[in-house]
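Peer 1: This is what each chain is made of:
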Amino acid sequence: MSSRETRDPIGFAVAAVNRLAQSELIDRVGLRKQAEQAVYSTTRNGFRVATAAGRTFARAGRSAPGARPASAGSSGVFDLTPTEDEAMLVAVVDELATELLRPAASAADEACTAPTEVLAAAQEIGLPGLGVPDALGGIMEERSAMAGTLVAEALAKGDMGLAVATLAPGAVATAIGLWGTEAQQQTYLPAFTGDDVPVAALTIAEPTVLFDPFSLATTARREGDGFVLDGVKSAVVRGADAELFVVAAQLEGTPALFIVESGAVGLEVEADPSMGVRAAGLARLHLSGVRVGADALLGDTDGTAYRECVRLSRLAWCALAVGTGQAVLDYVKDYVNGREAFGEPISHRQSVAFMVADIAIEVQAMRLLTWKAASRATRGQDFAREVALARQLCTEKGMRIGLDGVQLLGGHGFVKEHPVERWYRDLRAVGVMEGAVLV
Amino acid sequence: MINLETPKKQAGLIDQAHQLAMNMLRPISRKYDRAEHDYPHELDMLAALIDGVSETGATGGAGAGGVRRDDKPSGADRATVRNGANLASVLSVAEMCWGDTALLLSMPRQGLGNSAIASVANDEQLERYKGTWAAMAITEPGTGSDSANITTTAVKDGDEYVINGEKIYVTSGDRADSVVVWATLDKELGRAAIKSFLVRKDNPGLKVERLEHKLGIRASDTAAITFTDCRVPAEDLLGSPEIDTKSGFAGAMATFDNTRPLVAAMAVGCARASLDLTRDLLEQAGVVIDYDRPAQSQSAAAATFLRLEADWEGAQLLMMQAAWMADNRLPNSLEASMAKAKAGRVGSDVTLSCVQLCGTLGYSEGELLEKWARDSKILDIFEGTQQIQQLIVARRILGLTSSELK
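Residue numbers (my numbering), protein chains in the order written: chain G, 1210 to 1648; chain S, 358 to 763.
Chain S on its own, in the form it takes in the complex:
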């Protein structure tokens, strides 16, 4: 039966996330935007709190912990529609980003590397990496969207791999205690030879070179990391060590099916922060937003607000759709990319337009509107830019290969 409301059984969790966002993230939001690169130590307590809540199972497996697909439902279970960890994750991430996107990204033990581990690690590795805080290192100075083109190498030497290369834009690269690194076993063999490795931060071959100064999400540290003859045990290669030229890269890319709805959720949460505050400020200024009267008969500000809210709702529902499909084991690459494309652009449009509606009040550091307008921009870039998402959607819809639609 069609129903697009927040699942009843997850309402408590979402409410909890909202309270955390309001009472723990918002009060320190501006502080760490100004103090870029300072460690937000308040988050340690919050992380402990989240760990505690997770232990009780009340989160339904929510968090940036990623989702495993291999546990097939039993026959009887298949007919039942599930609202599981994926939906809980996107909804709670959105709430947390309503509080502060950068602080959500800085949450200990909730890194994108953790999502990758959860998605591709074997059971033994899962157990061994329990409790680690893993950052994700894919991008290189010469390689962004074409991640199959990375030049960082991993060479087998006895029962170790030796990694050499430079990675940039590693979120939480300084604060995390491990990094999931993409490296190629053989550049000649293309994307199938790309594997991911878990590298501990205390590895002497790993060096954090610098932290970036950024437009937004300044509370989140973004590191450049070099790997110089960095030796990792062979058992820290995630997934299969075989080079399967047929489906090798698909495994690595499958991580994105899980993480893209999460980034969409960040944009949805950040944009809603802007909408909520703008609506409040507009109402204080006497602007009433009427859902029944035609927008063109209301003030231009109200009409603009309605347009933004409609777009936002579209992004939110596409995000929920992608997560719901994952919960029900339906292939969701297309929907994950649709959600991220829509949420990414809507995030920018909403946050920038809200600054416009609020004038210099919105532009000033006195409110957080200008910050959200800076924070949202990255969400249309990382985990696949707007253009990459459109490429994925277009190829799927049109049935074209990557050599046909470049």
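Excised from the complex, chain G in its bound form:
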């Protein structure tokens, strides 16, 4: 409620009755007994719990700069054809999205959690290791921002929330691959390319109005030969289960990234179910005097790595918006051709058909902007402008597509029988999210 609102006596009475009615209702339909949601429901009501116990990552390697994926070359030819490797990867992911993600999406949205079979399948096809150089056990020889973009797009065509859940560990692995020291890479990356990929979250966002990722409220201060972290991060993917975090915090006035393992003292996680992307199990991460070693710093302290991290994360969100936008287009296309009113399919009316045309035009524009930024990143070129414009377009037009998708189905779009209301909620995420995914 806005702080300008005040309750008068009748307002208090109504509020009290309302609370009571709500709790009776909850008991009546037996929502409380769902065991698998117990932790989540508790935290939903405001309680915080310690982060998952997690695993111990055995320290290895030197603090020398780690291995870096090479930038891709360029023939200088304008081309919209993915490479053979990219096309093969996308074909596999497309199938995963159609066969697994889409059917699981509605229940996962409801439960605010991703089913294990979806996560296992993503792990099986090696998605968490996509951004890891092959020297460190990954699958790509070169920088894979373009491949990652195509994968995110294809996954989100199945479901954005599940796409975020499956891509989150890869975001941390890619970040360590790009900016980690040799020691950080050898300590953490083997786990991401193995059979038991850790739950991991890249956390940049904070729950404040007008959030600016270049001016963080979360702080890191040097103490001894390590750092002490304080603050609250939001949109933490699968926060309750996460074993490893990469946390963005302001260090001496400049944002930097820190690797934090879930066992650290002073870490608490609180469920933060949001409007959409619910299958990703979004949470807030509270850091109170969390001590980490000098080797926790990921990348530099002049903000260069961090800036690139923010851009690459936004790029991934753009790709997700493109995939979900395409899902809306494919869905409404069939619906307006099948739904009849006044004796003919509603697609025969220009007011309906033109909305579909505009969705098609803007989805393609979003895709081309996103691809341009991704291909520049892959070649190691500056892509600040391109990713900013892609994010701008994907935010604005993505939201419009979600809105029109529901509108085209009318009342049917507003109920959960159809997925368009979920896409409406998911597409709103693109403009507010920072972190979580990265290509």
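Careful: at least some of the hints might be erroneous.
Derived SDA-like pairs (lysine to any residue); straight-line CA-CA distance at most 20 angstroms [claimed, not checked]: (1) LYS763/S <-> PHE1551/G; (2) LYS763/S <-> GLU1553/G; (3) LYS1542/G <-> GLY756/S; (4) LYS1542/G <-> GLN744/S; (5) LYS1542/G <-> SER690/S; (6) LYS365/S <-> SER1284/G; (7) LYS1542/G <-> THR758/S; (8) LYS1542/G <-> LEU691/S; (9) LYS366/S <-> SER1284/G; (10) LYS365/S <-> SER1283/G; (11) LYS365/S <-> LEU1289/G; (12) LYS763/S <-> ALA1550/G; (13) LYS1542/G <-> SER760/S; (14) LYS1542/G <-> PHE1563/G; (15) LYS365/S <-> THR1290/G.
Which residues of chain G face chain S? A partial, calculated answer using Cβ under 10 angstroms [said to hold, decoys possible]: (16) GLU1553; (17) ILE1568; (18) ALA1574; (19) TRP1580; (20) SER1584; (21) THR1587; (22) GLN1590; (23) GLN1601.
Beta-carbon label-pair distances, calculated as ranges [unchecked claim]: (24) ARG1500/G <-> ARG650/S: 27 to 33 angstroms; (25) LYS763/S <-> VAL1301/G: 51 to 57 angstroms; (26) GLU1432/G <-> GLN713/S: 48 to 54 angstroms; (27) ARG1500/G <-> THR437/S: 56 to 62 angstroms; (28) ALA1593/G <-> LEU546/S: 56 to 62 angstroms; (29) SER1280/G <-> TYR720/S: 43 to 49 angstroms; (30) GLU1553/G <-> ASP408/S: 51 to 57 angstroms; (31) LYS763/S <-> GLY1619/G: 19 to 25 angstroms; (32) TYR720/S <-> GLY1619/G: 38 to 44 angstroms; (33) GLY1435/G <-> GLY369/S: 54 to 60 angstroms; (34) GLU1553/G <-> GLY547/S: 19 to 25 angstroms; (35) GLN653/S <-> GLU1626/G: 33 to 39 angstroms; (36) GLY547/S <-> VAL1301/G: 47 to 53 angstroms.
I should point out that these hints are in silico values taken from the structure, not numbers from a laboratory.
Every residue, glycine too, gets a C-beta built ideally from N, C-alpha and C.
We have chain G; now place chain S onto it with these hints.
Peer 2: Same frame as chain G, now just chain S:
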């Protein structure tokens, strides 16, 4: 491999077009906006220069000369991704329109009629029409978007056709030395009977009735032309004289697949002129546009600018996509219409919003911003309005016929 940059091998050409636009078009831009209907004689020298450059092959076939589709690539060639004349054309047209859209439209020997000739003429005609400056006459006083409904007639009489009718909005209709006219051989047979004819301007049956006074692109002459018992030799009918009720109109409409990306390019170029100048003026006023910080944390002007630039980039890339597909012999009707729809509306939004950002400075004739805001409007109208493009896109996406989605 995905890459959406300006092709490396065309960078020189584009740069050249930009220099021409900056040094030859911009200096006379306001002059001919004010002196509507005066012939911009400076363009003769520019046209000669462009002809010279084309002769060397350095343009890669660029220009509004249109593109032929019938030269199929050999088997080995098919696997190679091509950046050819279509891409070179849209990119150089955009640069020229960054200079001045109306002057680009007035460029001698680069008329839309030339595009039609290049697209549908046979080899003998191509040779015979070499060097002509051809305008395009489709619209009639009673017929705009529904071009299948034209009433201008062509009646076979011996080895001549006799054309009667009135055409309006003929770009370069006064200055060109020939006009490609759409006329029907038999109104009863509908669109299949529509054919195009090349009519020389010295034909006594052709009369330029008047020139229009317009909102924008005033340097470009827009003529109303009447054809009264206008006799043309039968060999000046472009394409096949047969009335093929199955695909007759498709041939004529195919011209649009080539010209729509070009009009999109005009909108992209015109809008970028506005963006470039506005950005400069904003920066002089202390407004910094930061690509990393969230738009809502920057000034409203910077946020608006980012929104405009993102939309513009979308239009530019859709335009490049349509041209790239044509270069690689992929059917591109859908993408050509998408590009024109997006570029048309973005052109208007960007140029009008830039006037808003610059206040009375932008509204005044002291800068060219107000002119670009007037010039851009036609680009969402000619070669198929916004609504026609949406219709085409919608029919293709939804798989509907023109009788289902009217």
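Peer 1: Next step is simple, just say for each hint if it's right about the structure.
Peer 2: Here is how each hint holds up against the structure:
no.: 1; hint: LYS763/S <-> PHE1551/G; result: holds, 16 angstroms
no.: 2; hint: LYS763/S <-> GLU1553/G; result: holds, 13 angstroms
no.: 3; hint: LYS1542/G <-> GLY756/S; result: holds, 9 angstroms
no.: 4; hint: LYS1542/G <-> GLN744/S; result: holds, 19 angstroms
no.: 5; hint: LYS1542/G <-> SER690/S; result: holds, 19 angstroms
no.: 6; hint: LYS365/S <-> SER1284/G; result: holds, 8 angstroms
no.: 7; hint: LYS1542/G <-> THR758/S; result: holds, 15 angstroms
no.: 8; hint: LYS1542/G <-> LEU691/S; result: holds, 16 angstroms
no.: 9; hint: LYS366/S <-> SER1284/G; result: holds, 10 angstroms
no.: 10; hint: LYS365/S <-> SER1283/G; result: holds, 10 angstroms
no.: 11; hint: LYS365/S <-> LEU1289/G; result: holds, 15 angstroms
no.: 12; hint: LYS763/S <-> ALA1550/G; result: holds, 16 angstroms
no.: 13; hint: LYS1542/G <-> SER760/S; result: holds, 18 angstroms
no.: 14; hint: LYS1542/G <-> PHE1563/G; result: holds, 11 angstroms
no.: 15; hint: LYS365/S <-> THR1290/G; result: holds, 17 angstroms
no.: 16; hint: GLU1553; result: holds, 8 angstroms
no.: 17; hint: ILE1568; result: holds, 9 angstroms
no.: 18; hint: ALA1574; result: holds, 3 angstroms
no.: 19; hint: TRP1580; result: holds, 5 angstroms
no.: 20; hint: SER1584; result: holds, 5 angstroms
no.: 21; hint: THR1587; result: holds, 8 angstroms
no.: 22; hint: GLN1590; result: holds, 9 angstroms
no.: 23; hint: GLN1601; result: holds, 4 angstroms
no.: 24; hint: ARG1500/G <-> ARG650/S: 27 to 33 angstroms; result: holds, 31 angstroms
no.: 25; hint: LYS763/S <-> VAL1301/G: 51 to 57 angstroms; result: violated, 43 angstroms
no.: 26; hint: GLU1432/G <-> GLN713/S: 48 to 54 angstroms; result: holds, 52 angstroms
no.: 27; hint: ARG1500/G <-> THR437/S: 56 to 62 angstroms; result: holds, 58 angstroms
no.: 28; hint: ALA1593/G <-> LEU546/S: 56 to 62 angstroms; result: holds, 58 angstroms
no.: 29; hint: SER1280/G <-> TYR720/S: 43 to 49 angstroms; result: holds, 46 angstroms
no.: 30; hint: GLU1553/G <-> ASP408/S: 51 to 57 angstroms; result: holds, 54 angstroms
no.: 31; hint: LYS763/S <-> GLY1619/G: 19 to 25 angstroms; result: holds, 22 angstroms
no.: 32; hint: TYR720/S <-> GLY1619/G: 38 to 44 angstroms; result: holds, 43 angstroms
no.: 33; hint: GLY1435/G <-> GLY369/S: 54 to 60 angstroms; result: holds, 55 angstroms
no.: 34; hint: GLU1553/G <-> GLY547/S: 19 to 25 angstroms; result: holds, 23 angstroms
no.: 35; hint: GLN653/S <-> GLU1626/G: 33 to 39 angstroms; result: holds, 35 angstroms
no.: 36; hint: GLY547/S <-> VAL1301/G: 47 to 53 angstroms; result: holds, 49 angstroms
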